[in-house]
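Colleague: Here is what each chain is made of, one letter per residue.
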Amino acid sequence: MNTPTSEPLAKALTPAIRKPRRRSLRFPWLLVYAIAYLVFLYLPVLLLPLFSFNDGTIVAFPMKGFTLKWYAQLGAQDTLLQAMVNSLIVGSVTALAATSLGLFAARAYVRYRFKGRELSEGLVMLPLVIPGIIVASSMLVLFIALGLKPSLTTVILGHVFVALPFAVSIMKSAFDDFDQSLEEAAFDLGESVIGTFRRVTLPIVAPGIVASLLVTFTVSFDEFVLAFFLSGNQPTLPVYIWSQIRFPAKLPNTLALGSLLLLASVVLLLIAEYFRRRSNKSA
Amino acid sequence: MTRQNIIEISGVEKRFGSFIAVRDLNLSLKEGEFFSLLGPSGCGKTTALRMIAGFQDHDAGTIRIDGQDMAQIPANKRPTNMVFQSYAIFPHLNVGDNVAFGLRKLNLGKAETDARVAEALEMVELGGLQSRKATELSGGQRQRVALARALVMRPKVLLLDEPLSALDKNLREAMQFEMRRLQQKLGITFVMVTHDQYEAMTMSDRIGVMFKGQLKQVDKPEVLYARPCSREVAAFIGGMNFLDASVTAKAEGKLQAQVQGFGPLAIDVNPNVTRRGTKLLTGIRPEQLEISAKKPEGYDGYLQGTVTNAAFYGENVHYHVTAAGVPQPIAVSVPNYFHTVDHQQGDPVWLGVQNASVIDLGAREA
Ligand SMILES: Nc1ncnc2c1ncn2[C@@H]1O[C@H](COP(=O)(O)OP(=O)(O)O)[C@@H](O)[C@H]1O
Ligand SMILES: [Mg+2]
Chain G
1 MNTPTSEPLA
11 KALTPAIRKP
21 RRRSLRFPWL
31 LVYAIAYLVF
41 LYLPVLLLPL
51 FSFNDGTIVA
61 FPMKGFTLKW
71 YAQLGAQDTL
81 LQAMVNSLIV
91 GSVTALAATS
101 LGLFAARAYV
111 RYRFKGRELS
121 EGLVMLPLVI
131 PGIIVASSML
141 VLFIALGLKP
151 SLTTVILGHV
161 FVALPFAVSI
171 MKSAFDDFDQ
181 SLEEAAFDLG
191 ESVIGTFRRV
201 TLPIVAPGIV
211 ASLLVTFTVS
221 FDEFVLAFFL
231 SGNQPTLPVY
241 IWSQIRFPAK
251 LPNTLALGSL
261 LLLASVVLLL
271 IAEYFRRRSN
281 KSA
Chain C
1 MTRQNIIEIS
11 GVEKRFGSFI
21 AVRDLNLSLK
31 EGEFFSLLGP
41 SGCGKTTALR
51 MIAGFQDHDA
61 GTIRIDGQDM
71 AQIPANKRPT
81 NMVFQSYAIF
91 PHLNVGDNVA
101 FGLRKLNLGK
111 AETDARVAEA
121 LEMVELGGLQ
131 SRKATELSGG
141 QRQRVALARA
151 LVMRPKVLLL
161 DEPLSALDKN
171 LREAMQFEMR
181 RLQQKLGITF
191 VMVTHDQYEA
201 MTMSDRIGVM
211 FKGQLKQVDK
221 PEVLYARPCS
231 REVAAFIGGM
241 NFLDASVTAK
251 AEGKLQAQVQ
261 GFGPLAIDVN
271 PNVTRRGTKL
281 LTGIRPEQLE
291 ISAKKPEGYD
301 GYLQGTVTNA
311 AFYGENVHYH
321 VTAAGVPQPI
331 AVSVPNYFHT
341 VDHQQGDPVW
351 LGVQNASVID
361 LGAREA
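So the sequence lines, in the order shown, correspond to chains G and C. Position one of the first sequence corresponds to residue 1 (this note's numbering), numbered consecutively onward. Position one of the second sequence corresponds to residue 1 (this note's numbering), numbered consecutively onward.
Simulated from the structure, these hints should not be mistaken for laboratory data. Mixed in with the good hints there might be a few duds.
Claimed, not checked - Dumping the calculated DMTMM-like pairs for lysine to aspartate or glutamate here, alpha-carbon to alpha-carbon at most 20 Å: (1) 105(C) <-> 184(G); (2) 294(C) <-> 268(C); (3) 77(C) <-> 222(G); (4) 133(C) <-> 179(G); (5) 77(C) <-> 184(G); (6) 105(C) <-> 183(G); (7) 212(C) <-> 365(C); (8) 156(C) <-> 179(G).
Unchecked claim - Residues of chain G placed beyond 12 Å of chain C at every Cβ, according to the derived structure: (9) 110; (10) 131; (11) 192.
For clarity, every value in this text was computed on a predicted model and none was experimentally measured. Built from N, CA and C at the ideal position, the CB exists for glycine as well.
One chain only, chain C, in its complex shape (with noise of 0.2 Å):
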């Protein structure tokens, strides 16, 4: 199947001012993606996002919907719709006609336009509720009110601007699987802005990382994890540990590095960095460490320590172990298998790791 790209925006600059809130913004975006624009709060994702709603103008560069230039297209010309973060529901008109509202300017006649609303309703598990009042919505159905009003439309981009942040945990997590299914099902584009590492994890096909007002990686959820391409897109997408390195000798995809605390290892380059040097940062996931008391077997590196630090989390037990040569303790995250906390505070432990685990995340910063 060729896809083609729905969104392609090219060198797209915002300003505030002399502020920059998003700059040389470069995406491309295929039909039926799910897209998640992940970021700290204040990075520029909704500025983003509004620029491709046609709320905001860009000072720069190019936004290409379905092939056409959106330079001269209107928030109500586009073929995108918008889900808002607050939901936006008119306070004043009931559900059924808080999702019939778009429809009404396509003039579509009252039985096709009901038809529709029914079926938009039917769509988010809100059957049957077109005659109750905006205002005694809970904060879920007010979600979903929300995107049975934008999907209604049939956009071929729906936007969505932090959805689930209203909502308590469980909910969001429900909401999370059920929208997921559901874009699987129209095929629509999805575009979210979050600043939920998970929420962007569990939904999307793609992510893109966004620090201050820079798109600084694309990828597969998968691949952000195992190859993000600096030490703040690591940082901000699960935990990490990062260990100083020094490289000895590079050959075939490997360097051979000293690393930290754990000696002498052989790393996969990381095709996603781009800062190049012998003074390595390298990092490793707390979940790919073994800890135990005695020395375990098979592994390429190895450290000694003491534990400073147990904490028991539900379906994880995480420990914090010192030791000589490396300045920070070093997190280690165990499966909770057996009910316990194996390792108390100030017992020694060893920690052994893979080189398969270790990445490579560039050149330090001087």
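Isolated chain G, as found in the complex (with noise of 0.2 Å):
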């Protein structure tokens, strides 16, 4: 790790040179501690992909040599599969109810004063700080004394819960540019309430739409708490994952998946971004 510190370091200390200013003289702390806190955060994350290439069962350096087939026996393993196509019919509903319930909620809470709304605003973005474990499990309860198995269900409700902060302020940053006249011109024009809906208000909050499916569907795709509590026998891919870690022989294939989903995850949120930008510039 020594070279690439070493660069951004010199660069950093050459403009004190040319000009002695106080503040540059000092030692760069921050600049030490953001790249110590960069490889701290990224580099397991970075070992999960290398160590998928290697030749041999053991995680430990050094490594063997280069293979693909971890990657090759992926088709090959039905359970996982399944908990493939449980993730992505979860992450699929998930997103399209997150976004539907975030994109009205959004509305309204852009464009009227009511009674409570700080409240309730308030309230839905709670998930981002209760513990998972604590909603899980109270989850849990709650579902059973409905009488709801654990079951895909159970798991979609969960996450439609977790994954609706997300919705709401992608679905808020998208109507907060939005002039309100649009809406009353489309109607002013003779539009009904519905058609000023479709023809106005959805073109143009189209971009939010698509980076709040592609967020809440990520969401979704990596929870592993509620997930663990409430699939029953039908686990989506990070429980099936969790359950295979505890056999050695199956490690590498985990980890071949598991870089494919980072590969994914980071492909989506990329998409993502690109679409969240798109929305606060068109608005």
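With the hints as a guide, bring the two chains together.
Modeller: Following this line, the structure appears as structure tokens:
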């Protein structure tokens, strides 16, 4: 890690040598801190794809050789594929439900001043700060009390709950710069309330909707604690991976799968960010 | 030609909580009239316009458009269209689709729709710009698209909320004439909200002046200027010197009064004034005063004073003159015929005024 650190370090120090300023002459603690922080945060994540190409079952240096067999084997594992399908179902339904709810909630929050607006906004955002384990165990108790057996349905209900804050905040930013008179203009030109929503509101916030769908899908796809508690005998992918980690022989497969998921998540989030920016620009 | 009233508003009131934004609004507009609602910002103009458009329901009174009570009729079913202050151009549609937005609902068929869109764009001098993106339009073009989009619906009444306030000065003045011409050509009733007195005066057949939710006076621009009904209306439209006076006699439509600084004058009774009493308030427009180094001939009242300020405005020269017995300086405006400022600060001058230039503004507030 020495070479990448010394390069920006040198860069940061050069202006200090040419133009001596008090602030720059000091040792750049902030830079060191930032680099250490990033290494701490991302090094483990980078090890995952690294070892997924390692020709050996033990995750330790030195690595043995390059192989793609762990990836090749993935296709033949039925329970894994079933878990993947489960995750896709849960993710898609969650994304659709959370985004639709978020769309209407955000429109109301941005447009209307009503009693209890702030309280309700706070409540919607609450899942971001409640520990997942508490949500998961209380939901399990609640669903069983209601006679709902743990299944994909209960996972979806749980995931909509945790994904909603993301959907609401993305949709709120999409509505923030949306000139209200656009809807009034459509209505004024003879369009119905529903027609106005379809012909004006939806197309203008569409990039926000896409961003919200992608983000909420990713949130659901990666979620473990709720899925672990609520999925019963229909594991989602993270739950399946967790169950496989106990078997050392399966570990490299899990690493390969994890790397693919990592890649997919990054791609999805990048696409989501692209649409979010576009929605901010167009409005 | 007999013209019927296209809009009849009587006793309309709008409250927001305990705040009354519009109170006891009464207004009749003739077909083909260009009417402006003029008043300072926050006086309730937009609220009044939005009640006519149907975006806001009224708490009392009735609004009739073309004889029909609008109480139960939503905005999308009213024979009105609106040009919004922000123009509200749909950013995801091109110019043609913006203008065609309302026509799509009428199922006119493609040929008819296209023809009407082309005609409307032609009208606002944007002919052929159908495929231009909405996001690529200049401020003036956005205003024209908003106008075309509303006019293409052939409304009975076009409502405009400060349609020119977002444009820069030159463009605004050009558009004032253009919109007036368009309105006269189409014969559609225009109701325009503005806080700009010049805009209201140059464009309108009649102006309604509004303060604090109340319509104070409705008149032709000339009448509003010459016979304002109160001090606040007089002060809002054009410049005005306010002078106290005391009534000594009243006969044949004239008030004999002793006017501060100028002495005894015979003032025409202003029919728009309601408050009467001997303690009179009078007004004199700055451009109605003669200013001269020597005593000018042929005026009914004179005042001797000293120039305290001379300002060159290009088309006019403005002077401030102070005189004994008049607490505030008197403003005088002289057309700039000879490109000179004739009087300098500190010069002694004479002011002259005709009886007809003194405006009766009714009894002073105590
Ligand atoms: N939806 C609303 N809720 C509460 N108050 C409002 C609302 N709309 C307007 N007002 C108030 O009513 C008054 C008149 O507003 P408006 O009609 O927009 O004035 P103008 O167009 O003359 O500037 C203002 O004091 C404004 O704050
Ligand atoms: Mg307004």
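Colleague: All the hints need checking, so say for each whether the structure fits it.
Modeller: Status of each hint after checking the structure:
Among the hinted pairs, residue 105(C) with residue 184(G) is consistent with the structure: their alpha-carbon atoms are about 16 Å apart, no more than 20 Å. Taken as a hint, the residue 294(C) and residue 268(C) pair is broken in the structure, with Cα atoms around 28 Å apart against an allowance of 20 Å. With a C-alpha separation of about 49 Å, the suggested pair residue 77(C) and residue 222(G) falls outside the 20 Å cut-off, and the hint is violated. For the suggested pair residue 133(C) and residue 179(G), the alpha carbons sit about 18 Å apart, so the restraint of at most 20 Å is met.
Under the criterion of a C-alpha separation no larger than 20 Å, the hint pairing residue 77(C) with residue 184(G) is consistent with the structure, at around 13 Å. Under the criterion of a C-alpha separation no larger than 20 Å, the hint pairing residue 105(C) with residue 183(G) is consistent with the structure, at around 15 Å. Annotation: proposed proximity of residue 212(C) to residue 365(C) holds, straight-line Cα distance about 18 Å (limit 20 Å). Of the supplied pair hints, the one linking residue 156(C) and residue 179(G) is violated, its CA atoms being roughly 26 Å apart against a limit of 20 Å.
No Cβ of chain C approaches the Cβ of residue 110(G) within 12 Å, the least distance being about 16 Å, so the stated non-interface status holds. Non-interface call for residue 131(G) relative to chain C: holds, since the shortest CB-CB distance, roughly 42 Å, exceeds 12 Å. For residue 192(G), the condition that its CB be more than 12 Å from all CB atoms of chain C is violated, with the nearest at approximately 7 Å.
Checked against the numbered hints listed earlier, the structure breaks hints 2, 3, 8, 11; every other hint is satisfied.
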